[in-house]
Amino acid sequence: MGEGFMAGEACSGTARVDTGGAEAQPKSVAARVLSVLEAFDTEHYALSLSDIARRSGLPFATCHRLIKELVAWGALVRIDGRYRIGHKLWSLGRLSPVRQDLAEVAAPFMHDVLFLTHHVVNLFVLDGTKALLLERISGTRPGPAVHRVGDRMGLHASAAGKVLLAHAPQQTVVRALDDLERFTSRTVTDRAQVLREIAKARESGFAATAGESAEKTNGVAVPITGADGHVLAALGVVIVGAQPNPNAIVPVLQTAARGIARQVQFASGFHHERTETDPR
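Per the numbering used here, numbering of the sequence shown is gapless, rising by one per residue and ending at 342.
If you are wondering where the hints come from, they were derived from the structure by calculation, not from laboratory data. Where is the CB? At the ideal position from N, CA and C, for every residue including glycine. Any given hint might turn out to be false.
Below are the DSS-like pairs computed for lysine-lysine, each with C-alpha atoms no more than 30 Å apart in a straight line [to be verified]: (1) K89 x K150; (2) K192 x K278; (3) K150 x K130; (4) K192 x K150; (5) K89 x K130; (6) K192 x K89; (7) K262 x K192; (8) K262 x K278.
Computed Cβ-Cβ distance ranges for the label pairs, DEER-style [claimed, not checked]: (9) A289 x H106: 37 to 43 Å; (10) G291 x D174: 21 to 27 Å; (11) R244 x L96: 29 to 35 Å; (12) R146 x A289: 36 to 42 Å; (13) H292 x Y107: 30 to 36 Å; (14) P308 x Y107: 30 to 36 Å; (15) D174 x E243: 30 to 36 Å; (16) R237 x H149: 33 to 39 Å; (17) G267 x D174: 17 to 23 Å.
Take the sequences, apply the hints, and build the full model.
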């Protein structure tokens, strides 16, 4: 980011954070920068300087100094007096193996599912105790988006989330059950019931929900399982208004999921072989 990025901060790499009278805590420059960037999410994508200071917990002057450097580098951009994520971070994010390999491989298969079902198609991956919407394919008929790429959802409240939870490590399940947020009147927040539903998803190979993450929105999802048995992601459709028919949708999703898994395995093998034989 250039030598100027470190100017004004202690050369030791740490500084004192003004905690409003409480005992100051050391925080590295890198941690401060990450705090600024973490102030943004899909619900807060355009923030004022005051918003960023409040959401990051950093002093106003510190935010002003760091934001100025981030704008100069291209990590943030200022539009109509508010800051947004800039092109530089967007470009770097597209280099992520998850985005390059999984989302790009899945896209053609997701288009097939859209063509056959006429429903919005979503690709989710496990992100801590949340389900991260990695890719979304929609046509003109399914209606407006309920969630956008980059959104993070509770694992217990969506079909894809329940699929991921059904195959998640035990410690992830325990942590997820401690955060059973209610999104609608139909969201399942009873721990025992959630455990029964994820056990059913593990046994049946799919999960279905009805109005749990958003009103009048239903979902069906299946796992995308790698050659080693590890679940890479969850592939699902969202149906607005009507009740889903799993018997008609699940086979389509499972066929697409198998195709995605094969392509991911092929791509991984190709990249590994090239790395071994051609260092370029």
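- Proposed proximity, K130 with K89 (alpha carbon, max 30 Å): 19 Å, holds
Item to complete: Determine whether the Cβ-Cβ distance between G291 and D174 falls within the hinted range of 21 to 27 Å.
Response: 25 Å, holds
Q) Is 17 to 23 Å a correct range for the gap between the Cβ atoms of G267 and D174? A) 19 Å, holds
Could you see if the CB distance from R146 to A289 stays within 36 to 42 Å?
-> Hint holds: Cβ distance 40 Å, inside 36 to 42 Å.
(Q) For K262 and K192, compute the direct alpha-carbon distance and say whether it is at most 30 Å. (A) 20 Å, holds
query = CB of R244 to CB of L96, is that within 29 to 35 Å?
reply = At roughly 30 Å between Cβ atoms, L96 and R244 fall inside 29 to 35 Å, so the hint holds.
*Okay, A289 versus H106 on CB: inside 37 to 43 Å?*
Hint holds: Cβ distance 39 Å, inside 37 to 43 Å.
| 30 Å limit on alpha-carbon distance, applied to hinted pair K262 and K278 | Distance of about 23 Å is within 30 Å: holds.
For this session: Given the range 30 to 36 Å, decide if the beta-carbon distance of P308 to Y107 lies inside it.
Result: Holds, at about 35 Å.
message: So if I understand the rule, the pair passes when the alpha-carbon distance is 30 Å or less; does K192 with K278 pass?
response: Holds. K192 to K278 sits at ~22 Å (cutoff 30 Å).
Outcome of range test on Cβ distance (H292, Y107; 30 to 36 Å):
32 Å, holds
For K192 and K150, compute the direct alpha-carbon distance and say whether it is at most 30 Å. Judged against 30 Å, a Cα distance of about 26 Å means the pair holds.
The structure is consistent with each of the numbered hints, conforming to all of them.
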